[in-house]
Amino acid sequence: MVREITLGQFMPGKSVIHRLDARTKIVLMISYIVFIFLCKNFISLLIMSLFSLLVIMMTRISFMKYLKSLRVILVVIILTGVMNVFYGTGDVLFQWWQLTITTGGITNAIFVIVRISMLMMVSSVLTYTTSPTDLTDGLERLMKPLTLFHVKVHEIAMMMTIALRFIPVLLEETDKIMNAQKARGADMENGSIVQRVKALIPVLIPLFVSAFRRAGDLATAMECRCYNGGKNRTRMKVLLFTAVDLTALLFCLIIFSGVIVSNCFFGSFATV
Amino acid sequence: MKEFIKIDNVYFKYDENDDSDIFALNGINLTIGKGEFIAVVGHNGCGKSTLAKHLNSLYLPTTGDVYVDGINTKDDDRLFEIRKKVGLVLQNPDNQIVAGIVEEDVAFGCENLGIPSDEIRKRVDNALKAVDMYEYRTHSPDKLSGGQKQRVAIAGIIAMEPECIVLDEPTAMLDPQGREEVMSTITRLNKEIGITIVLITHYMEEAAAAGRVVVMDKGNVLLSGKPKEVFSQVELLKRHRLDVPQATELIYKLKNCGCNVPDCVLTEEECAEAVFKLLKEKTSASLSYSQVRKRVK
Numbered sequence: 007m008v009r010e011i012t013l014g015q016f017m018p019g020k021s022v023i024h025r026l027d028a029r030t031k032i033v034l035m036i037s038y039i040v041f042i043f044l045c046k047n048f049i050s051l052l053i054m055s056l057f058s059l060l061v062i063m064m065t066r067i068s069f070m071k072y073l074k075s076l077r078v079i080l081v082v083i084i085l086t087g088v089m090n091v092f093y094g095t096g097d098v099l100f101q102w103w104q105l106t107i108t109t110g111g112i113t114n115a116i117f118v119i120v121r122i123s124m125l126m127m128v129s130s131v132l133t134y135t136t137s138p139t140d141l142t143d144g145l146e147r148l149m150k151p152l153t154l155f156h157v158k159v160h161e162i163a164m165m166m167t168i169a170l171r172f173i174p175v176l177l178e179e180t181d182k183i184m185n186a187q188k189a190r191g192a193d194m195e196n197g198s199i200v201q202r203v204k205a206l207i208p209v210l211i212p213l214f215v216s217a218f219r220r221a222g223d224l225a226t227a228m229e230c231r232c233y234n235g236g237k238n239r240t241r242m243k244v245l246l247f248t249a250v251d252l253t254a255l256l257f258c259l260i261i262f263s264g265v266i267v268s269n270c271f272f273g274s275f276a277t278v
Numbered sequence: 037m038k039e040f041i042k043i044d045n046v047y048f049k050y051d052e053n054d055d056s057d058i059f060a061l062n063g064i065n066l067t068i069g070k071g072e073f074i075a076v077v078g079h080n081g082c083g084k085s086t087l088a089k090h091l092n093s094l095y096l097p098t099t100g101d102v103y104v105d106g107i108n109t110k111d112d113d114r115l116f117e118i119r120k121k122v123g124l125v126l127q128n129p130d131n132q133i134v135a136g137i138v139e140e141d142v143a144f145g146c147e148n149l150g151i152p153s154d155e156i157r158k159r160v161d162n163a164l165k166a167v168d169m170y171e172y173r174t175h176s177p178d179k180l181s182g183g184q185k186q187r188v189a190i191a192g193i194i195a196m197e198p199e200c201i202v203l204d205e206p207t208a209m210l211d212p213q214g215r216e217e218v219m220s221t222i223t224r225l226n227k228e229i230g231i232t233i234v235l236i237t238h239y240m241e242e243a244a245a246a247g248r249v250v251v252m253d254k255g256n257v258l259l260s261g262k263p264k265e266v267f268s269q270v271e272l273l274k275r276h277r278l279d280v281p282q283a284t285e286l287i288y289k290l291k292n293c294g295c296n297v298p299d300c301v302l303t304e305e306e307c308a309e310a311v312f313k314l315l316k317e318k319t320s321a322s323l324s325y326s327q328v329r330k331r332v333k
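These protein sequence lines map, in sequence, to chains H and C.
Residues in the first sequence are numbered from 7 upward in steps of one, following this note's numbering.
Residues in the second sequence are numbered from 37 upward in steps of one, following this note's numbering.
Please note that a few of the clues may not be correct.
Unchecked claim - Simulated coverage check for chain C against chain H, where a stretch passes if three residues somewhere in it have a Cβ under 8 Å from a Cβ of chain H:
| # | segment |
| --- | --- |
| 1 | 111-125 |
| 2 | 129-136 |
| 3 | 144-157 |
| 4 | 192-200 |
What the hints assert, rightly or not - Listed next, the in silico DSS-like pairs over lysine-lysine satisfying Cα-Cα at most 25 Å (straight line):
| # | chain 1 | residue 1 | chain 2 | residue 2 |
| --- | --- | --- | --- | --- |
| 5 | C | Lys179 | H | Lys182 |
| 6 | H | Lys243 | C | Lys165 |
| 7 | H | Lys243 | C | Lys120 |
Unchecked claim - Residues from chain C shown here face chain H by an in silico Cβ test under 10 Å; the list is partial:
| # | residue |
| --- | --- |
| 8 | Asn92 |
| 9 | Leu94 |
| 10 | Val160 |
| 11 | Ala189 |
Just so you know, these hints were derived from the structure itself, not from any lab.
All residues carry an ideal CB built from backbone N, CA and C; glycine is no exception.
Generate coordinates for the entire structure from the input sequences, incorporating the hints supplied.
Okay, structure coming up:
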């Protein structure tokens with residue numbers, strides 16, 4: 007069960023998107039999130055959706071992988087979609103008891119569903135095409151100015167590297183502990199919510215203990231390899247801002263301005 | 037042989053405030069020569085791992101000194117110099133891999149040392165080739181088998197170009213195939229590149245492959261010598277709750293029964309040959325051992 011989570015899974019490749027500088031991808035990703043929430047009418051939404059599909063195709067990673075990433079948040083998508091149908095203004099289409107379906111509600115629901123799914127798939131583009139080290143390295147470089155305010159940027163980036171590295175390890179460990187507890191007769195599937203939460207305690211305690219033990223080992227291993235914080239550290243892969251990155255930035259700039267232009271000229275439909 | 041590590045009358049206690057006379061290391065003296073392959077054996081709690089952590093100044097002796105290539109491990113200013121010379125590989129391969137991609141993990145040590153990027157690239161490629169993991173360089177470590185992960189961990193140390201690698205039970209968590217992979221990697225590194233190897237292990241078969249075996253007991257050296265010299269003292273080892281390789285034990289028992297066999301054998305091959313000779317004496321077979329060996333294969 008726990009192994010199906012594809013969070014932070016890097017798939018090596020040689021596509022243009024893979025070759026982009028991690029910093030470019032992070033900046034574009036953040037602006038993408040802003041702009042997909044700025045889409046106020048169907049034309050801008052269409053522009054963004056086509057753009058997302060184009061990017062997904064350019065990664066040369068099978069579309070199924072992206073759909074899989076959606077499956078994890080399927081419940082969230084459906085739930086927010088359904089909620090939005092009932093919260094809207096406009097012409098009433100259907101009314102029963104307290105529930106009213108309006109044209110505005112349906113428009114909102116479509117917007118929310120498309121936005122969340124695109125958001126999820128495009129974030130997957132970032133994690134699928136960027137190696138964890140590049141990703142955290144990119145973040146470290148982008149956050150560099152914060153060192154002026156005494157933020158420990160290198161330490162934060164290192165913690166993220168380690169967290170990403172140990173997600174699969176700890177998931178596997180959880181699986182093992184759960185099986186071990188089941189073999190001892192623990193019942194995790196039945197009973198009330200309270201009972202089931204209580205049944206998780208014998209899973210969480212060994213998990214924490216082992217996580218601390220692993221942390222101790224890892225610290226020893228890092229010390230053995232002369233780790234001394236960010237001071238005088240070099241990198242094997244130096245992030246390089248190239249012409250490809252510039253092209254990508256300009257291209258996205260055009261797309262994003264398209265969204266603003268369409269918002270100005272074609273009015274706004276969505277109220278969310 | 038040039039002296040590389042010198043352990044001079046080292047006592048070590050985990051808890052400084054503990055007043056009892058029980059030491060994890062109990063006045064140990066040992067010298068390790070450059071390019072040597074030594075195996076350290078002993079039962080649980082005899083101080084093997086504690087000793088390993090003294091070799092690259094993770095632990096400092098309570099009294100006594102450890103010298104690595106002439107540098108005292110207590111010399112704080114030269115800490116990184118020592119750790120660059122002596123690399124340590126731990127038991128659980130999962131817990132010593134830092135990055136999410138094989139080659140980036142191997143580069144970790146070099147990055148810490150501040151080596152220029154193109155030089156790191158070269159070293160990482162060479163290290164991965166040395167442990168035969170080059171084709172997995174862009175893989176994620178959690179998709180690899182235990183033996184492969186441990187070889188990646190070894191590559192991470194090799195990339196730092198150490199003169200000595202200390203391995204603290206590197207095969208304890210591996211299946212037989214992984215154990216074999218790791219052992220052949222270690223032996224090759226010792227023979228081809230001349231890296232000094234200190235292998236701490238529970239498996240006597242692995243210890244038999246070393247150039248010298250050091251048997252530890254109660255924080256001190258009980259026996260030290262060539263594998264044959266050490267494993268021929270079956271009685272003494274048994275008294276200290278230690279095993280000898282199965283092949284050695286079989287021949288030892290045959291010898292005790294008055295059979296005409298060599299004094300001490302280490303490998304299964306030697307054992308088979310000895311048993312064959314013994315059987316041949318009793319029967320009138322005319323084949324030689326190598327002929328039979330070929331047929332069996």
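These are the hints, each one checked on the structure:
Coverage of the segment 111-125 of chain C by chain H holds. Counting CB-CB distances below 8 Å, 5 residues qualify, and the rule asks for three or more. A count of 7 residues in the segment 129-136 of chain C with a Cβ less than 8 Å from any Cβ of chain H is obtained; the coverage claim is therefore met, three being the minimum. By the rule of at least three residues with a Cβ nearer than 8 Å to a Cβ of chain H, the coverage given for the segment 144-157 of chain C holds, with 12 such residues. Note: the segment 192-200 of chain C has 3 residues with beta-carbon separation from chain H under 8 Å; the three-residue rule is met and the coverage holds.
For the hint pairing Lys179 of chain C with Lys182 of chain H, the CA-to-CA distance comes to about 17 Å; that is within 25 Å, so the pair holds. Taking the CA atoms of Lys243 of chain H and Lys165 of chain C, the gap is about 19 Å. The hint holds against a cut of 25 Å. Pair hint Lys243 of chain H plus Lys120 of chain C holds up; C-alpha atoms about 22 Å apart against a cutoff of 25 Å. For Asn92 of chain C, the shortest C-beta to C-beta distance to chain H is roughly 6 Å, which falls under 10 Å, so the interface hint holds.
Given hint, Leu94 of chain C at the interface with chain H, holds; its Cβ is 6 Å from that chain's nearest Cβ, closer than 10 Å. Given hint, Val160 of chain C at the interface with chain H, holds; its Cβ is 6 Å from that chain's nearest Cβ, closer than 10 Å. Evaluation of the Ala189 of chain C hint against chain H yields a held restraint, the C-beta minimum of about 8 Å falling below 10 Å.
The structure meets every hint from the earlier list without exception.
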